[in-house]
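Colleague: This is what each chain is made of:
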Amino acid sequence: MADTVKFDLVSPERLLRSEDVDMVVIPGSEGDFGVLPGHAPIISTIRPGVIEVHKGTATPERIFISGGICEVSADRCTVLADDAVEVASLDRAGVEKRLKDAEEDLVDAKTDLDQHKASTAVAVLREMMQVAR
Amino acid sequence: MATLKDLRKRIDSVKSTRKITSATKMVAASKLRRAQEWVEAARPFATNMARVMASVAAGMPRTDDMPKLLSGSGKDQTVLLVVVTSDRGLCGALNSNLVRAARRRINALLAEGKTVKILCVGKKGRDALRRDHNQRVVGQVDTSGLRNKITYADAQRIADQITEMFDKGEFDRAVIFFNTFRSVISQVPTEKQLIPVAIPEGGATKLEGDASYEAEPDEGEILMELLPRNLAVQVLNALLENNASFQGAQMSAMDSATRNAGDMIARLTLSYNRARQANITKELIEIISGAEAL
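Residue numbers (this note's numbering), protein chains in the order written: chain A, 1 to 133; chain B, 134 to 427.
Bear in mind the hints are in silico, worked out from the structure with no lab data behind them.
Worth double-checking, as some hints may not be accurate.
Result set (DSBU-like, lysine-lysine): computed pairs, CA atoms no more than 30 angstroms apart in a straight line [unchecked claim]:
1. Lys-325/B to Lys-138/B
2. Lys-152/B to Lys-117/A
3. Lys-282/B to Lys-117/A
4. Lys-110/A to Lys-256/B
5. Lys-148/B to Lys-250/B
6. Lys-110/A to Lys-282/B
7. Lys-117/A to Lys-250/B
8. Lys-148/B to Lys-138/B
9. Lys-164/B to Lys-247/B
10. Lys-117/A to Lys-148/B
11. Lys-415/B to Lys-117/A
12. Lys-164/B to Lys-208/B
13. Lys-301/B to Lys-110/A
14. Lys-201/B to Lys-117/A
15. Lys-110/A to Lys-250/B
16. Lys-201/B to Lys-164/B
17. Lys-164/B to Lys-152/B
18. Lys-100/A to Lys-152/B
19. Lys-110/A to Lys-247/B
20. Lys-247/B to Lys-201/B
21. Lys-100/A to Lys-117/A
22. Lys-97/A to Lys-256/B
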């Protein structure tokens, strides 16, 4: 068995990462879980949060994703993300502004669909605020 | 017989037309490269998604409470056609070919006694289909804002609109029409089924032994998350392919237009010079015969 996991992170617009890593920590909708080589096959939805990619001894790489689906088999881990951005490149002021806009949208939302969309956006941005520095 | 002045005017006007067509061609060529990159970049997501979906569906018990997007509404009476075209012309027969394919399908469906609804994405298709199927056009999506970058969010907006209509029971089956980019000189009108979703057979990941995926929270919930995304990805793919096709078609159409303009300028210049020569000769003859008469 390989001693690394083949980690693929894809968003609808592009392939973001495709590399062999030691461990990936995924914020699953029912709790975080770490994926090491030989993990039991699982398919899980992802809540907005941070994926940690551990590779060698370097500090883990942190990538914020706004939700998606993850497929894990013994030697690979594929994350289908809606939107992904590196935590290091998050800009707190920008996120704050977007959060404010989204909260206004939530207040203005008339239909159920709009309301649902706005509340999802707010949840994602709140989570983003948590991790942005 | 055209006078010299008329000819000169025509040459000038063809020259300025050539300037426009060759500039458009150059713009299309540079946009084409980017458009192709986008199509390439969006591919990994689509393939991975298809695989995950096949894996989930394989582990899913076949029951009656499958998501509607997957199983369909149980009827096949009303069909929604999503017709993706470009907003602008100057791209040869690209849009008319697509509209012709869509129209053929509409007529076939109508002959079978089905109800047809049309959702137009892009201006050109709307204009063309309005002429004879105006009462069937149920909606249109303005894509003029997406000229520079087509994003997943745009595709999602269209997908949401389709899903909303489906949830209201406004149609039973949805197909999308768009041009697939084969090469600069070949774009193929393509028809693809959106709803119910076709799960690729045997596309699931092969697991060692007879292990199967554990699903968290459960297969049904994951499918509920996956299916709308899948729809958006299909729409995104159609938009991107169509965009690449448009740039390709525009580039080759403008290339031949530029060439034609060049030919025309050559022809006009020839007859201009002939007319000029004839004038000079005529004047000479007048002078000489005038001198002889003295």
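Colleague: Look at each hint and say if it fits the structure.
Modeller: Hint check results:
Restraint check for Lys-325/B and Lys-138/B: not satisfied, since their Cα atoms lie roughly 56 angstroms apart, outside the 30 angstroms limit. Restraint check for Lys-152/B and Lys-117/A: the C-alpha separation of about 47 angstroms exceeds 30 angstroms, so the hint is violated. For the given pair, Lys-282/B sits about 22 angstroms from Lys-117/A by alpha-carbon distance, which is consistent with the 30 angstroms threshold. Restraint check for Lys-110/A and Lys-256/B: the C-alpha separation of about 29 angstroms stays at or below 30 angstroms, so the hint holds.
Between Lys-148/B and Lys-250/B, the direct Cα distance comes to roughly 45 angstroms. Violation of the 30 angstroms bound is thereby established for this hinted pair. A threshold of 30 angstroms between alpha carbons decides the hint, and for Lys-110/A with Lys-282/B the separation of about 29 angstroms falls inside it, so the pair holds. The straight-line distance between the Cα atoms of Lys-117/A and Lys-250/B is roughly 27 angstroms, inside the 30 angstroms bound, and the hint therefore holds. For the hint pairing Lys-148/B with Lys-138/B, the CA-to-CA distance comes to about 15 angstroms; that is within 30 angstroms, so the pair holds.
In summary, the hint linking Lys-164/B to Lys-247/B is not supported, as the alpha carbons are separated by about 40 angstroms, beyond the 30 angstroms threshold. Proximity of Lys-117/A to Lys-148/B is assessed by CA-CA distance (about 53 angstroms); at most 30 angstroms being required, the pair is judged violated. A C-alpha spacing of about 81 angstroms is found between Lys-415/B and Lys-117/A, which places the hinted pair above 30 angstroms, so the restraint is violated. Pair hint Lys-164/B plus Lys-208/B does not hold up; C-alpha atoms about 42 angstroms apart against a cutoff of 30 angstroms.
Note on Lys-301/B and Lys-110/A: the hinted pairing holds, with a Cα-Cα distance of about 18 angstroms set against a maximum of 30 angstroms. Our distance criterion of 30 angstroms between C-alpha atoms is met by Lys-201/B and Lys-117/A, whose separation comes to about 21 angstroms. With a CA separation close to 27 angstroms, the supplied pair Lys-110/A and Lys-250/B stays within the 30 angstroms bound. A hinted pair counts as satisfied when its Cα atoms are at most 30 angstroms apart, and Lys-201/B with Lys-164/B does not qualify at roughly 39 angstroms.
Under the criterion of a C-alpha separation no larger than 30 angstroms, the hint pairing Lys-164/B with Lys-152/B is consistent with the structure, at around 18 angstroms. Annotation: proposed proximity of Lys-100/A to Lys-152/B is violated, straight-line Cα distance about 48 angstroms (limit 30 angstroms). Taking the CA atoms of Lys-110/A and Lys-247/B, the gap is near 35 angstroms; set against the 30 angstroms cutoff, the hint is violated. In summary, the hint linking Lys-247/B to Lys-201/B is supported, as the alpha carbons are separated by about 20 angstroms, within the 30 angstroms threshold.
Restraint check for Lys-100/A and Lys-117/A: the C-alpha separation of about 15 angstroms stays at or below 30 angstroms, so the hint holds. Proposed proximity of Lys-97/A and Lys-256/B is contradicted: the alpha carbons are some 34 angstroms apart, above 30 angstroms.
Figure legend: structure checked against the earlier numbered hints; hints not met, in rising order: 1, 2, 5, 9, 10, 11, 12, 16, 18, 19, 22.
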